[in-house]
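Enquirer: Chains L, P and U, in that order, are what the protein sequence lines are.
Sequential numbering from 1 applies to the first sequence in my numbering.
Sequential numbering from 1001 applies to the second sequence in my numbering.
Sequential numbering from 2001 applies to the third sequence in my numbering.
Simulated from the structure, these hints should not be mistaken for lab results.
Glycine residues also receive a C-beta, built at the ideal position from the N, C-alpha and C atoms.
Every clue listed holds true.
Quick partial rundown of chain P residues pointing at chain U, CB under 8 Å, derived from the structure:
{"#": "1", "residue": "Leu1147"}
{"#": "2", "residue": "Asp1148"}
{"#": "3", "residue": "Val1149"}
{"#": "4", "residue": "Leu1156"}
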Amino acid sequence: MTNQEIFDTLKATYGGAIGSFHEQGGSAYMKRTSSYADIVEYSQIAQICQYLRDEPTLEFDNLNCLSCDDNGDKTLSVIYHMESLKFKHHFAFKVTVPIDHPVVPTVTRVWASANWHEREGWDMIGIQFHGHPDLRRILLDDDWEGHPLRKDYKEPEFYRGMKVGY
Amino acid sequence: MSELFNRTMTTIAPAPVKIIPAERVEPNRIKTEEMILNVGPQHPSTHGVLRLEAVLDGELVIDVIPHLGYLHRCFEKHCEAMTYPQVIPYVDRMDYLAAMNSEHGYALAVERMMGIEVPEKVEFIRVLFAELQRIASHLVAVGTFGLDVGAFTPFLYCFRDREDILEMFEKTCGARLLYNYIWVGGLSHDLHPDVLKMCRDFVKKNRATHAEVNNLLTFNKIFVERTINIGILKPDVAINCGASGPMLRGSGVKWDLRRDDPYSIYDRFEFDIPVGTGKMGTVGDCFDRHWVRMLEWEQSLNIIEQILEQYPQDDKTDVQKAVPKRIKPAIGEIYSRTENPRGELGYYISSKDGINPARVKVRSPAFVNLSLLPIISRGYMMADLIIILGSIDIVLGEVDR
Amino acid sequence: MFDGLRDLLIGLLGKGDLADVLAVVVYCALPLVVILLYALFAILAEMKLSAWLQDRLGPMRVGPWGILQPIADILKLLQKEDITPTQADKKLYNLSPFLVFIGSYLGFAVLPFSAMYAGARLNVGIFYLVAVSGLVVVGILMAGWSSNNKYSLFGAMRSVAQIVSYEIPAGLAILSVVMIAGTMDLQTISKLQEGGVQNWFIFGGPKNLAGFGGATAWALAPVMMIAFLIYFIASLAETNRVPFDIPEAESELVAGYHTEYSAMKFALFFLAEYANMLVVSAVASILFLGGWNSPFGEFLGGPVMGLVWFLGKAIFFVMVQIWIRWTLPRLRVDQLMHICWKVMIPFGMATVLLVGTIVTWFAH
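So here's chain L without its partners, still in its complex pose (with noise of 0.2 Å):
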C-alpha cells in the first residue's frame, strides 16, 4: 500500500483523531519512507498503533524509530516511523504536544523497542510518556537537570562541582 492509501485507511477509522497527510518531496525514497500524517488526538496513539499492528492489511510490525523533537515554536513533537515486514510499506506519524504540557502515552506495549527510544525522548526532549513502565534518564546521569535537546536548553556551569564547559 502506499502511503496515501494507508493514510485514508486510517482516516476512515479514526476520523477527527487523524490531522492532515504531509507528503515529502526530495527523493522517491524521501516521499516512500518519511511522508507523515499528523495525529491530533495524542490520548489514542497507543489504539492507533495497536490498529496499525494488528490490522491484517497493514500489519506494522517494526517500529524502526521513534524521535523526538523541538520545533522551536513552544511545541515538541514526537515522530513515529514504522514499516511492516511482510508487506514492505512504511508509515510515518508525527504528534505536537506543547511544552509546558509534554505528555504522551506510550507505545511500548504495542512495540517494545519504544522503550529505550521514549526513555532516550524523555533525557534528552523532556517528552513524558505517559504509562511507560521505567521512565528514568537513559544516557544523562539521573541527577541532571534539563533536557539538553531543547533549543533553550542552557548548560548548566557546574555538574557536581566538575566545569562543565571547556
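Got chain L; can you put chains P and U on it based on the hints?
Expert: Just chains P and U, lined up with the frame of chain L:
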C-alpha cells in the same frame, strides 16, 4: 511472503518481570539471598564502558539492568550547530568499528533529501568500502566473541586480517579508523591505484582466515557447548523489540536492508542472506548469531569479488563531480536507513531550510539490540550473560552517541 | 645427597650445630632456586609460545629476542605499589598468597629429581604430595573471601569447588599406579620403571616385577593410558589452566580470586601457579613416564642425565599446558562439574577396578 516467517503477533510486549524459566529452577530449592553484581563500566567484557547491574542468585542471573551513557557526547546537539558536511566526522565517531557504513548512511540520507545522483564509479567505491568495513567489523565481533568464551588466539588472527583492510583505507584516504571519506554527493579521494590489487590478494587470504577461524573457534566442541541454547531470541520477540542485523537474522528472520530496501548499487550483486537455523542448538541462540556473522563475512567477500570484476577501471570521472556547492536541503524530513554491520542504522533528519540540520536523530542498531539484553539473559548463568552480551555485538560509541 | 652436603659443610666449618643448621637451610632453599629459574623460563616460554601460536613476535625489546623480558616483568612487579583494600580482612588478605605458594612449594620436597636426589624420601610420598597441594585450596578461599570483592569471592568459590572435585579423579588415577607399584614412595616408583620405555607405567609398568609375567603387564597398558589421560586432565583443572580456568575467567570475573592483589603478592600467586604447573607435570612424568629414567634403558642414563630427563619430561608437559591454554575456549561451571563427576570419576573408578583385578589375579 509466508515463507519469510511464520509467527503470531505478541499482543503485550515482554515487561520487565523477574522470572526464571521453569526448566532452570529446581523444585524446593533453598531460598537464598540475591546478590547484586556490578559488571562494568571498567570490565574486560563489556566491550567499552557499559555498566550492567546484574541481580544474581548464586550463579544464576535473575535480572540485568543496563546503565548507559558513560560515552555520551550528545552528538545530536553538535549536529544542530554544524553544516551538513561538517556532521560527517561526528558520524564517524559513533560506530568507530564501522565508520564507513555510518558515513555511507548519512551521505545517502542527505543525498536522498536533495535528490542527488552520484556517479556510478562513486557508488562502486562506496559499496566496496562498505563491504570491506563490514568484514572488518565482523572480524572484531567474531574475535571478541571468542575472547568472551575464553579463546584468545582467533582474536589475533582476526586483527591480523583487519589490518589489511585498514591499510587499504589508509592508502586511499589517509585515515585508519575515522575516515571522513564518503561525502555528500561524492568521496574525498579517488581510489588509490594499488587498492584493487591489494583487495584481490586480501580476498584470497581472508577466505583462508575464514576457514581457520571456523576450525579453531566455531566448530570447537567447547565453543559449541558454551554458545548453544543460551540467549534464545524468538523471531516474534525479535521483531517486536526492534532487533536488526545479525541479531534479527540469527532468529531466523530473512531481513537485510541491502536486499529488502536496496540502496546504492546492491541490487546488482548476487549474495545470500544467511539466517539462523539452529545449526547446533535452538534457533536464535548465541551460536546462531555467531554463525550468521561468519556467513555474512563470506557473503561480503563474494560481493567484493563481484565488485572487483565489474569495477569501471577506465572511468576517469572526478569523484567529487556531484558534490553540491551548497548543501541546503529543502524544508522536510527524512528517515533514511542502511544496513550497518550491527543492523539497521537509521537517520532521522529534519531540515528547516538552513545550512545546518534542525534535528538529527540516529536510530543506532546497537542501542536497540542492547535493549534486548535483559529479555534474553534472564535465567541463564553469569558466564552466559557475558557470552550473550558478546553475541549482541555492541559498540558503545554508537549506543551512547 | 643430604649427607654429602652435610659432610662438605662439616669439612668447611667444623663439626657442630652450625653446619647442621646450614645444611638444612641450603637443602630447603634448593627447590626455590629451581622454581625461580624455571619460572623465569616458563614465563618467557608462555609469552613466546603464545606469540608464535598467534602469528606475533612476542616481546622483542628487552635483550636479544626479548629473552630478558621476564626479568623486566619481575622488576616491574617489585616496584609496584602494594595495595590492601580498606575493607579487606587484612590478616587473611596478607597471609593467603604465602599460603598458596607454600602449598605448591611443599610438594617439591618429595619430588625425585634424579636417582641421586630426592628432597625427602617419604614412604607416603605421593600421599603427602596430594595432601599438601590441598593447602592451596585454603589459601585461595582465604584470598577470595578476605578481599571483600564479589568477583574475588566468585572466583574463590568456583576455584575451591573445582579443585576439590578434580582431586578425586586425580587421586583415582594415582591409585592405579600405586596399586601396580605397591608403594607410595616416589623414588621407588621411579626406580621400578628402570630399563627402558616399555617399563613405564603408562605402558603397564615393569615387565620383570615379581609375580608378573611380561604379557600380563602389557595387558595393563590400555588401562594405564586412560589413567594417564584422567590424571593429565585433572591436573589441568587443579592448576586452574585453560580450559578449566573458570576461577580466574578473565572475561567474567576480571581476575578471579586475585582481583585485588597487586605487586609482590600478585607475583606470589603467579609464581605459585607456575610452580603448581611444574609439580603436576613432574608427578605425571614420575607416575606414568618413568621420572628420571632414560627411555633407552642404560643408554643416556645416570644421575646427571636423569635430572635432564626428569626436567625435560616435566617441562614438556608444561609446554603442552601452555599450548592448550592458547588454543581452547573455557568451559562453564556446570559443564566442568559434569565432566568431573559424570565422566572422569566413573572412568577413574573403572580403571582402579580393572587394575586391581588384573594385579590381584596375576599376583597369585
